Amino acid sequence: MATRLATVVALAMCLLVCGCILSPRDPDGPPDGGATNWETPITTLIVLQNLAAAMDRESSSNYRDCFTEDYRFHVDPQDSLDAGQEAEQMFADWTRADEEYATSRIFVDAAEISVAFTTVLQPDETQPETCRQVDYTLAVTWQSGPHVNEEIIYRGRASLWMRRSDSGRWAIFRWVDRRMGGTNRTWGALRGDYRG
Amino acid sequence: MRVRFPHWTVLAAVLLTAVAAVAPAQEENGDGEPEGAPADTTAVGQEEAPDHTVPFRIQVATPLRPTYKLTYGRDQDASSWEHSFGFRQRVSERISFQASSLISVRSTEVLSRENRQERWSAGLDASITSAVGMAVRLNRTTQSDVRNQGSSSEVRSFREKETADVSTSYSKTLLSGIATTLNMTAGLEKNRYADVQSRGAAQSIAASVGYNPTPGVKGSVTYSGRHSLLDSEQGALSSTDESESHSLGANVDYTWKTSTLNVNLARSRSANEYPKEQQKERREQENDSASVKGTFKPLPGLDLTLGYDYSRSGMSYALEPSRRSVLSSRAVNAGVTYTFAGVRLSSQLASDVKRNEYTNEQTGNSYGQSLVFNANRDFGTRVKVGFTGRMTLYSHHFDDTVRNDQDRDLYDREATLQIDYNPRNDLLTSLALRVREDQLIYIRTSRTGDNRRAQTFSLRPSVTKVFSKTFSASQRYELTADYTLYTFNDAKNFLVRNLGVTTEARWSGTRKLDLTVSHRYVAQDEGSYVTGSDGIARYGKNSERDDHTMKATLRYRLFDAIGIEASQSYSVSQRWTIVDGGRRLSWERHDTSLTGKASVDYKLEDGTTLKASVARTDRDATSLVERLRRVWDVSLSIDKAF
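First to last, the protein sequences are chains A and B. Heads up: the first sequence runs through residues 1 to 196, numbered per the working numbering. Heads up: the second sequence runs through residues 1 to 642, numbered per the working numbering.
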């Protein structure tokens with residue numbers, strides 16, 4: 001019995017020590033720049049506004065917070081077919097980590113980003129899961145890469161499947177990307193370029 | 001076009017077959033399937049990629065038994081057809097023939113698109129001896145996606161792959177505890193995609209040696225390699241592309257009494273050449289990994305696990321050197337499970353360090369640490385109590401903090417208490433209490449304006465009363481408060497509060513009849529949560545929202561074969577803004593729907609199955625587009641074995 005008790009106490013001590021290891025860093029200080037216009041996403045529209053604001057301010061964490069942990073991205077089939085031998089590296093099993101990573105790399109190469117959404121299909125926010133279908137226009141002015149100092153427009157239609165959390169926050173759990181008419185590339189194809 | 005056929009592979013395959021044919025073998029070689037199946041041409045990453053698995057698995061000795069499967073589905077946006085057919089026929093004692101096809105078509109009228117995939121396969125399998133097999137395979141896979149078919153704005157993408165392979169396999173287990181397997185494949189390959197055409201030869205080899213000298217010790221070494229030489233054309237480019245891959249792995253399992261130790265080592269290297277924008281691209285990849293895992297039971301009831309993982313992967317592109325990356329990771333993890341005084345305790349600790357090297361300012365380190373703790377205790381048969389605590393810290397450190405100001409920590413903590421109490425057999429209650437905090441900490445002052453904490457408190461009691469064998473009712477409550485608290489800008493602090501009540505009654509009149517009625521009410525309000533000059537945080541409500549949803553569902557089983565379901569729902573949502581302390585209606589939405597559904601799931605004595613369902617929904621809702629007001633949803637699947 002004494003051995004068991006000693007073991008439990010030792011385990012508890014280990015846990016306490018481990019808990020002490022998990023302490024985050026202190027920030028350098030109060031902000032000397034502006035903040036992203038991020039709002040608590042209590043509607044699906046606010047999710048889009050947060051997404052656009054995070055792209056505009058190039059904020060990786062605010063962008064990441066627009067997606068659920070089990071998020072999946074589904075590229076347009078033609079974008080996938082046209083990627084040929086690199087389709088696997090570019091689009092297979094796209095998760096939230098891929099989304100954050102690819103977008104962070106876009107932020108590095110982009111000088112200026114703006115995105116506009118036009119809702120095609122209204123969501124039903126009385127349901128725990130709903131689809132908001134939008135046409136997007138993403139404008140990126142590049143500071144490095146093959147289009148330096150050029151503004152490139154990316155267009156497409158996205159079916160954004162969103163889920164409401166227990167506390168009332170909405171986030172995207174599935175993004176189905178589709179090409180629109182015209183010669184513009186999609187946001188999905190751009191993401192693939194920056195995945196790996 | 002030049003095709004270089006691999007003389008060494010064919011010679012080796014013939015020699016191996018000849019030698020193995022006269023050698024006695026002690027063990028049957030599994031099902032004799034050759035390895036090195038051709039790569040799938042399904043568009044990678046697209047939605048709902050269909051499963052190309054051949055829908056049959058018949059052994060060589062069975063008589064001819066073709067199977068045909070037809071699947072059809074239709075809703076208001078898209079229709080899809082899928083046909084698959086396959087059979088396997090024994091030609092002689094040692095030879096069998098197999099063939100299969102799969103055609104899948106999906107048309108999306110709203111987007112004017114058609115996606116079509118085809119897969120054809122045929123082959124001969126020969127069992128030379130009980131240890132040696134040979135096979136010949138022909139495969140053809142195509143995929144096309146067409147937008148605006150037949151119009152001037154038609155856009156077509158496609159991919160096509162054809163392969164012809166000869167393969168041989170050898171498997172033998174010796175009494176000394178050594179098991180060997182060897183698979184070799186050589187064949188021709190032809191590809192077409194986008195504006196690229198290629199054709200040539202490919203060879204692959206896979207071998208493994210396993211050693212089991214004494215009970216408790218197992219080891220194996222595996223190798224697989226592939227080589228291909230393709231003549232490719234893309235516009236003005238004409239090139240010979242050589243690709244190869246090699247992977248080597250080793251595994252040791254050691255068991256001593258109740259303790260185990262597992263060691264895995266792996267190394268792989270590949271180089272792929274292919275045309276890209278009329279130039280030859282070469283992608284090189286290297287991966288190394290090692291892992292050690294041990295489980296121990298030092299005391300009765302005490303289980304310990306310890307693990308260490310290392311991995312390193314590098315990738316580079318000849319045409320785009322800026323895409324080069326080297327990622328390495330070291331991770332340790334430990335877990336403990338212990339039962340003490342009726343309490344089941346378990347805890348897991350994990351820590352990892354990753355080094356991410358790119359050609360730009362994304363280069364840096366990331367650190368992850370997590371701790372999970374669980375405790376569960378049953379008090380008799382009527383009370384169960386569980387507690388879970390979790391802490392996770394992710395830390396991103398970039399090398400160039402001047403050009404990359406996104407250094408940040410993500411710190412999550414969560415505690416959950418769950419109590420289930422059943423005072424009587426006909427009365428079930430539960431209570432869940434959860435507290436969670438997610439913290440975002442940017443380090444550089446150019447970003448700290450976004451630093452914030454999200455705190456969530458939730459309480460969920462529920463009760464279920466069983467009145468009789470045919471009737472039961474339940475009620476579930478949800479109360480949550482969700483705070484967003486900014487570190488340096490508390491004027492933006494925000495609070496969302498929710499109250500949800502779900503009431504449900506279920507009546508099962510007979511074995512075939514079932515009725516469920518439910519009502520859900522959700523009230524939500526939100527507003528600023530700002531600390532005043534007196535240091536007290538006050539809640540200023542900005543808006544309120546109420547949702548009511550009623551639903552009734554009736555299910556009936558007709559003739560023990562057809563399921564009939566009718567459901568009706570009605571919901572109303574209202575939102576108010578708070579102006580001068582009073583409520584002003586912002587909007588009101590109604591949604592009513594009536595759904596009828598019939599489904600059948602039937603199986604004949606010969607194994608043929610039929611599944612079909614037809615559903616019709618009539619819906620009327622505020623701002624609902626016309627095409628979603630009357631919706632058919634039809635699906636049919638026939639699986640016929642001849």
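I should point out that these hints are in silico values taken from the structure, not numbers from a laboratory. In this text, all values refer to a predicted model and were calculated from it rather than measured experimentally. Ideal placement from N, C-alpha and C gives every residue a C-beta, glycine not left out. Hints may contain errors.
Under 10 Å between C-beta atoms, here's a sample of chain B residues computed to sit facing chain A [stated by the list, open to error]:
#	residue
1	T108
2	G225
3	S395
4	D399
5	A621
Status of each hint after checking the structure:
no. : hint : verdict
1   : T108 : holds, 9 Å
2   : G225 : violated, 19 Å
3   : S395 : holds, 7 Å
4   : D399 : violated, 13 Å
5   : A621 : holds, 7 Å
Hints 2, 4, counting from the list given before, are not met by this structure.
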